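When you get a sec, could you build the whole thing from the sequences and use the hints?
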Amino acid sequence: MTALAHSALPSQVGLLAGRAIRRILRQPAQLVFPILFPLILLAVNTSGLDAATQLPGFPTASYLDFALAIPFMQGALFAALNGGQDLARDIQGGFLDRLAMTPMSGAALLAGQLGGALFMGVISAVLYLAVGVAFGAGIATGVAGALVLLALAIVISFAFACFGTFVALRAGTGEAVQGFFPLFFVLLFLSSAFFPRDLIEQDWFAIVATYNPVSYMVEGIRSLVIAGWDGQALAQAFGISAIAIVAFLALSARALRTRLVRT
Amino acid sequence: MSALGRTRSVALAVAWRSIHNAFTNPAFLLPSVLFPLFFFIAFAGGLSGVQNAPDFDYKSGYTSFQFAFVCIQAAAFGGVFTGFAIAADFEFGFARRLMLAAPNRGGIIIGYMISAMVRAIFVLGVVFLAGLVAGMRIDGSLGDLAALLVLALCVSAVATLWSAGIAMRLRTMQAGPAMQMPVFILLFLAPVYVPLNLVAGWVHDVARFNPATAFLEAARGFVSGEPTKVGITAICLVAMFALAALWARGGLRSAEQAG
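Protein sequence lines correspond, in order, to chains A and B. Residue numbers for the first sequence follow our numbering, beginning at 1 and rising by one. Residue numbers for the second sequence follow our numbering, beginning at 1 and rising by one.
Keep in mind that the hints were calculated from the coordinates and are not lab data. Treat the numbers as computed from the prediction; the structure is a model and nothing was measured. Heads up, a few of these hints could be off.
[Said to hold, decoys possible] Just a sample of chain A residues kept apart from chain B, beta carbon distances all over 12 Å, derived: (1) Gln54; (2) Val131; (3) Leu190.
[What the hints assert, rightly or not] Rough simulated footprint, nothing fancy, chain B against chain A, three-plus residues with beta-carbon under 8 Å: (4) 31-45; (5) 178-189; (6) 193-201.
Cβ coordinates follow ideal geometry from the N, Cα and C atoms, glycine included.
If you want it as structure tokens, here you go:
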């Protein structure tokens with residue numbers, strides 16, 4: 001703690017991010033399940049919904065290409081959930097209160113905490129892309145597109161992590177963070193993740209998917225895989241993620257100020 | 001009191017407590033209602049376009065197609081959620097006191113199974129109403145619907161016995177994923193979104209031998225009024241029930257030995 005107290009902001013961030021990453025690595029269930037589960041679902045959905053590619057107007061002949069965006073979103077959701085729960089555990093266990101008695105900066109705590117989620121985001125995004133390509137997914141935008149895809153996936157993962165951090169700081173309990181998990185899934189399932197928006201038959205679902213920001217995040221990733229360079233889709237995906245990051249970082253900083261009662 | 005009478009009194013007491021807990025505490029009941037309802041809305045609403053694929057030949061429409069899946073899923077996950085409740089009872093010490101007090105411990109498992117079935121009936125009722133509101137077509141007769149209910153209750157019983165076996169062996173709520181994941185994988189390696197003939201790749205090969213495929217096809221047959229694969233479904237259910245009952249009894253023995 002002494003080292004932390006006397007160090008500058010970058011080393012404070014490094015210490016706390018290192019702690020967050022070590023905590024993930026020490027709990028294999030936290031690393032394996034969030035990575036494996038989306039891949040299992042991808043495999044199942046690819047076979048189960050392959051018939052959809054025969055529909056007139058379906059944007060690609062391979063459902064694997066179409067669905068490859070989904071694991072990136074699910075991975076981001078799991079990273080947010082796990083990161084939020086770790087932070088909630090720190091709050092419940094008194095770690096945050098002990099940090100509050102040091103000159104540690106609030107920004108360092110936020111950045112350190114998010115460093116763990118970012119680590120998860122990078123690892124899972126690289127794995128999803130590698131598995132997808134290994135099983136025959138083609139990236140329409142080539143190597144450059146794959147790099148942009150990774151960048152977008154990491155930005156999206158970071159946006160969700162900011163949300164998870166905000167919930168943890170605001171509520172302060174792991175149960176509350178866990179309680180938001182269904183909401184994350186509702187957002188994903190009521191989006192255009194599994195079916196193209198223009199082929200959704202139910203009007204109410206198409207409207208919900210159109211107003212659901214997750215649709216645009218998915219479509220941004222998907223555009224790189226199946227459509228080629230689509231500036232609008234990318235701008236929307238990066239833009240929505242950036243807005244989410246700024247909004248939830250600001251809210252998190254405010255929640256942290258309330259929670260960190262300095263003595 | 002005879003052995004049968006003792007078993008019945010234990011089973012009814014455990015069932016009453018579980019049902020009472022479930023229906024007086026929304027936190028217990030809501031997930032088992034909301035998850036199937038949500039899957040129903042998401043699949044029937046978002047994926048209905050897939051019914052226009054060539055060779056998609058289910059006559060009652062995609063909402064009914066998904067209703068049958070959600071019935072089986074709700075029944076199976078109702079059993080898994082009951083497993084969570086058993087694990088919680090062990091974690092908080094109630095189950096140990098129950099085992100000390102019960103003159104026939106087999107009745108404990110039967111009680112939990114009855115409670116899972118009652119919860120399944122409630123959840124299926126909610127999903128059925130939601131389906132009717134969404135314009136679901138039911139071409140099956142009342143007899144077909146009764147057969148669908150029996151099928152769902154049997155699935156619920158098997159899932160409860162499976163989950164009880166794990167809960168009684170591990171006796172911690174952290175065993176939740178171990179109960180949930182195999183059921184989830186079994187269900188999703190069946191023709192969930194389209195009929196079996198349209199499922200592609202390795203999932204098609206697995207689904208052909210997956211008992212959940214028979215359950216889904218039988219359920220869809222009951223909804224459309226064209227019962228199919230009823231015999232193989234019954235055989236699979238009897239076999240799975242027998243295996244799951246042995247598994248649960250082993251779990252009970254393990255819990256007894258742990259004290």
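Which numbered hints turn out to be false for this structure? Numbers 1, 3 - these are the hints that the structure violates, sorted from lowest upward.
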